[in-house]
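Asker: Sequence:
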Amino acid sequence: MNINTIKDQVRRKLRKLKRDPKRFLIDSKGYKAAQFSWKKAIKLGSFLWVVCCFSVAILYYGIIASDRYVSEASIIIKQADQVKILPDALSMLGLGGSNHQDVLVIHTYLSSWDMLHQLDKALGLKAHYQSEQADWFSRLPSDASNEAFLEYYRAHLEIKLDELSGILTIQLQAFEPEYARKVVTLMLKEGESFINRLGHQVALEQLNFVESEVARSHERMQVERDKMLAFQNRHKLVSPEATSSAMQGVVAELDAELVRQSAELKRLQIYMNPKAPDVVAAKDKVEALTRQLAQEKQRLTSSDAQSLNEVNAEYQGVQVQTQLAADVYKTGLVSMEQARVEAYRKLKHLLVVGEPTAAQEAQYPRRLYNLATIGVLLCLFYGLVVMGLATLREHQD
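Those letters in the sequence shown? Residues 5 to 401, per the numbering used here, in order.
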């Protein structure tokens, strides 16, 4: 066949395609081969493979497949200073108060290995998913690694976030409804503990530092008080200042009495004999008052370490240190209370909008949906195989 003949055939086919595309397709060899192959396939019973596969799916989803129950809970995250005693509707929905970043953090934590490890440690989640009561295709393999376990857990966990209200919805699948509810309840508890540790860590460190400083200042105050007591016991004085004031009063009285007795002595010496009994007695009183006054002044102002002025100066130093330690301790107590308030203010809470539920009906597997999907996919696959075989035969021809 020469080139001109081929060109003429191509032109005729193009004109036919342009004039009547449907007829062109029906008259084509590929369509005839596909129609022949399809009829032959049905005649030979190859479509029975599709029927058999679909029957196996019906058998599995109808009898063998294990039921999976879903427990659902809804939460929002609120900071302690945002929680009201009687929250209004907007606060309950998290509007204007929910920390979006904290919600994303708890979203990640709930699907993490740390959370899975806590659930498995407390409730034996891995053993539950590997239970022989579940069918072979639904349960976790007995030799599954940690990575496979985590992937299986995430496949049975669904977390949805409402961007508008900040509500986080948790859905977990398990083979028993009550067990699923226990797992979700523990997830909420561990999630609240985690978010508190995360947001409260800095405040706790600050509070621990303040508490240690308060304890140290309290010890210092006790030491200074012990020094003051030892000082008072050593000098047999409760208050050197009061004693000094009393001694000054005594000196003043002695000084005044000495002046009166000296005046009386001079008056007597004017008209009496120096050896007269009254004059001698007056002289003795003046001399006694003079000695007593000198002695009391020496106790007040002597350079001796036991003198009242030295004792009072030392006492004032001890008293200042004791008072300073007490003031530091009081300031520490105030700071500690402020740190506690700040720590509470930074505390976050998981407010449960919807408590974990115990399902009465199994939501998984979705039998009708899965069977319909499998049926459509089997028919499409079968059609593609038949069309592929028809195309191969056309090329062979």
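Derived by calculation from the structure, the hints in this document are not laboratory data.
We put the CB at the ideal spot given by N, CA and C, even for glycine.
Please note: incorrect hints may appear among the correct ones.
Claimed, not checked - Here are the computed distance ranges between Cβ atoms for each label pair:
| no. | residue 1 | residue 2 | range |
| --- | --- | --- | --- |
| 1 | 167 | 346 | 50 to 58 Å |
| 2 | 52 | 131 | 16 to 24 Å |
| 3 | 145 | 58 | 41 to 49 Å |
Stated by the list, open to error - Within a straight-line C-alpha distance of at most 25 Å, the following computed PhoX-like cross-link-like pairs (lysine-lysine) qualify:
| no. | residue 1 | residue 2 |
| --- | --- | --- |
| 4 | 270 | 287 |
| 5 | 289 | 186 |
| 6 | 279 | 289 |
| 7 | 334 | 231 |
Asker: Taken at face value, is the distance from the CA of residue 287 to the CA of residue 270 at most 25 Å?
Answerer: Since the Cα atoms of residue 270 and residue 287 sit roughly 10 Å apart, the hinted pair holds (cutoff 25 Å).
Asker: Do the alpha carbons of residue 279 and residue 289 lie within 25 Å of each other, as the hint requires?
Answerer: Roughly 15 Å separates the two Cα atoms, so the pair holds.
Asker: Taking 25 Å as the top limit, are the C-alpha atoms of residue 334 and residue 231 close enough?
Answerer: Holds, at roughly 19 Å.
Asker: Do residue 52 and residue 131 keep their Cβ atoms within the hinted range of 16 to 24 Å?
Answerer: violated, 42 Å
Asker: Mind checking the hinted window 50 to 58 Å against the Cβ distance between residue 167 and residue 346?
Answerer: At roughly 30 Å between Cβ atoms, residue 346 and residue 167 fall outside 50 to 58 Å, so the hint is violated.
Asker: Does residue 186 sit within 25 Å of residue 289, going by the straight-line distance between their CA atoms?
Answerer: Outside the cut-off at roughly 100 Å; violated.
Asker: Per the hint of 41 to 49 Å, is the separation of the Cβ atoms of residue 145 and residue 58 within bounds?
Answerer: violated, 27 Å
Checked against the numbered hints above, the structure breaks hints 1, 2, 3 and 5 and satisfies the rest.
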